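Student: Each chain, written out:
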Amino acid sequence: MSALLQVDKLAKRFGGIVATDDLVFEVAEGELHAIIGPNGAGKTTLIAQLSGQLPADSGSIRFAGADVTRLPAWRRSHLGLARSFQITSLFLDLTVLDNVALAVQAHAGHSFHFWRDARAEAGLRRNARAALDEVGLSNRADARASLLSHGEHRLLELAMALAGKPRLLLLDEPMAGLGPDESARMVEMLGRLKRRYTILLVEHDMEAVFALADRITVLVYGRVIASGAPDVIRADAQVREAYLGEDEHV
Amino acid sequence: MTLSIRNLATVALFAALLLLPLYVQATGDRFLLTLFTRIVILALAAVSLNLILGFGGMMSFGHAAYLGIGGYAVGMLAHEGIVSGLIQWPVALAASALFALVIGALSLRTRGVYFIMITLAFAQMAYYVIAGIARYGGDDGLTIYKRSQFGALNLSNKVVFYYVCLALLMATVYLVWRLVNSRFGMVIRGARSNETRMRAIGFPTYRYKLVCFVIAGTLGGLAGALLANHNEFISPATMYWTRSGDLIVMVVLGGMGSAAGPVFGAVALLVLEEVLSGITEYWQIILGPLLLLIVLFARGGIDGLLAAARWPQGKKAPA
Amino acid sequence: MTLFIEQCLNGLQFGLLLFLLAAGLTLVFGIMDLVNLAHGSLYMIGAYFAATFAAWTGSFVLGAILAFFATLLVGMAVEVIAMRRLYGRDHLDHVLGTFGLILFFDEAVRLIWGPDGMSLPLPSWLNTAATIAPGFSYSAYKLAIIAVTLAVAGGLYLLVMRTRIGMLIRAGASNREMVGALGVNIKLLYTLVFGLGAALAGLAGLMQAPILTVQIGMGENILILAFVITVIGGIGSIRGSFIAALFVGFVDTLGRSFFPDILRAVLSPAAAATLAPALSSMLIYLLMAIVLIVKPEGLFSAGGR
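Protein chains in written order, with my numbering: chain A, 1 to 250; chain B, 1001 to 1319; chain C, 2001 to 2305.
Rather than coming from a laboratory, the hints here were simulated on the basis of the structure. Computed from a prediction, not measured in an experiment: that's the story for all the values here. All C-beta atoms, glycine included, are put in the ideal place defined by N, C-alpha and C. Hints may contain errors.
To be verified - Which residues of chain B face chain A? A few of them, derived with a C-beta cut under 7 Å, are:
{"#": "1", "residue": "R1197"}
{"#": "2", "residue": "I1201"}
{"#": "3", "residue": "F1203"}
Claimed, not checked - Listed next, the stretches of chain B that the computed footprint assigns to chain A, with coverage defined by at least 3 CB atoms under 8 Å from CB atoms of chain A:
{"#": "4", "stretch": "1028-1035"}
{"#": "5", "stretch": "1171-1184"}
{"#": "6", "stretch": "1204-1214"}
Based on the sequences and whatever the hints tell you, model everything.
Tutor: Below you can see the structure in the form of structure tokens.
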């Protein structure tokens, strides 16, 4: 399998703090690649640079063969890169369906249409409902997004990332703040998405990571300290010391 | 349209505005017609401002500049002997659009407080520039001896002019209503709600916001052309930055949640001014703190109150 | 040449005055995240207080000092009564609320002092020309303004950089909650900061009063320049305000003096006469536009605001 995403010597500093330290790694097409690491390892900063919210100081990012390092976030989205946010980032004053419909609309031609009611566009609504079906939120389609539970918010986050029919999903802690039942459902869903999308998954939930990942990369202080198959990572001494520790029995 | 209190109130308001000239005819209170013509024109400006302020979340503090630009387009052309409305009004619209394009292109690169200050500063710049042109009256302003000529349509007839303004107001409200529900409108509303997410899902928000800004400015210019005709006079004072504040007050007082909300605000504010100034010449001493209280306790404005209102039986009407 | 030097000094004096005004604005915004449109009203009140107290006491200096502290008190009162309810709210709320305060103050001043404005005459010892170089004299009062504002700027720098209160101010600018958690009386700090900003605005108002004007609405005019300075210098940065204020002071003063001449050299006399006033007033805004194109956050932005 070819590399869909290639990161080469990516670096980012905030004043004196090195958030990303000459990072090198790849994501192969079709795989579910997990990124783990202790807090402060720079995982969200990495995701932000990959999706384009944060410009890198140096290094390069190649997606589907194209150099996207200097491309703005919205252009990367059109190349097939989608992101979900660790801290829920939705359109809280719109309905659930409107939220996803916007994500669909972004990829359905331009939006300099000033007259026709967007909510009457069958194509947009149909694709939006499909994304909601995918994550199991169809029954909440007409609810205002602000009224959803936290678990439902995390599902909506995912639905919005899926709505643009991306090639690569950057998922930033989709299970953040979820209880055990909801986490289990999310793991099951990610399992279903696995072969159809290439996924880069940032997560703290170790059970989920080891259940889902084809490959795992471990990040500490913005640097890759280990990368490979789950069994290899599990056994790696450096990784155990830096992150998994004694209390995580995996 | 559903039978909510809010929709009913809106219909009632426009019905009242439509019937006003008949009432004036009956009572002979000509002043009321003059007052309400001014209210309708400023309501148009407020509705256009709401497009970027309420729906777009762009806090422009320079909207009064378009009243001035539109008005001076009419005034300057009239001064040079060009009195045809078919030339004056398109020029007013084009000049406003151009100004909005340039100012918007620069200002939309910033956000938050910077955006407020910059729109304010650029609008004030327009004020100083126009006040500096002696040929067109400078600080003293410019008298317009003839209203815009439209052939058979006689704008000098106060009733005809009132209905022209009202028709344009209603058309603008309808236009804004369609706009905010269109694809374009959804992008603008999404950008206001969460711009980072909009860009993440693939929208180049800047260009949409700029177009929105230009549309709003153009409509503001239309209001300016109407205002100049109404007063038969135009001066830089129309575009002084505190006038932009007046427009914002109308929008917030009326309610930013609907296309017609600002109309309520314009009516309420200007009627309130009339009533208060009848009581005391120091009425702004009351209006000032009143504004603060509205901000603190009734932020949704009149529209907000109407939307929250319920029919007496306690039955909740679908909004 | 002497005209040029004189205009440079005028520019310096104007710029320093603008700095006093802008410093208060940017301080309040940087610390309390509050957009205060009524800042110009405090400038106006300072001038009115000075004119009144000077008339009562018969002394310009005494009147000025009393006015300074009176404005400080008014500022603190405004903070306690109105401003503190606005903290943490949307900027639109600030804009509207403080706009309401402008209306209130303008009308209150009209009620108390009447619509005609006032004058603040200079004492004879200030109302002279001082010889600062052989053959070159300059208004003693304007020199005094330069001296006073530089002293205040220096004092402000010492306050913010070298005292404990200053440290709290700087800390509060980066992290409000943390400073509160440290047990510092945030409410009192905010009241003092707002009062300080008000006093600086009042000082600017009273100092320019003998030269320019004491009238209703004077604050609205100059507030725009304070905004332009804040945008150019970067919100929250006092250093940025200082440099931007000097810049604006020079560009505006020198521009208004010499730009018409430049125009006359390039255009026909009629065209130059028509365009000169308009274009001269545009200079500052062009400057702001250029800064915006190059660096949208301002030249010395304190943070990601």
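Student: All the hints need checking, so say for each whether the structure fits it.
Tutor: Structure-based check of all given hints:
Taking 7 Å as the C-beta contact cut-off toward chain A, the hint placing R1197 of chain B at the interface holds, the least distance being around 5 Å. The criterion of a C-beta within 7 Å of any C-beta in chain A is met by I1201 of chain B, whose closest approach is roughly 4 Å, and the hint holds. Checking F1203 of chain B against chain A: minimum C-beta separation of about 5 Å stays under 7 Å; hint holds. By the rule of at least three residues with a Cβ nearer than 8 Å to a Cβ of chain A, the coverage given for the stretch 1028-1035 of chain B is violated, with 0 such residues.
Counting residues of the stretch 1171-1184 of chain B whose C-beta lies closer than 8 Å to any C-beta of chain A gives 6; at least three are required, and the coverage claim holds. Counting residues of the stretch 1204-1214 of chain B whose beta carbon lies closer than 8 Å to any beta carbon of chain A gives 4, which meets the minimum of three for the stated coverage.
In summary, the one numbered hint that this structure violates is 4.
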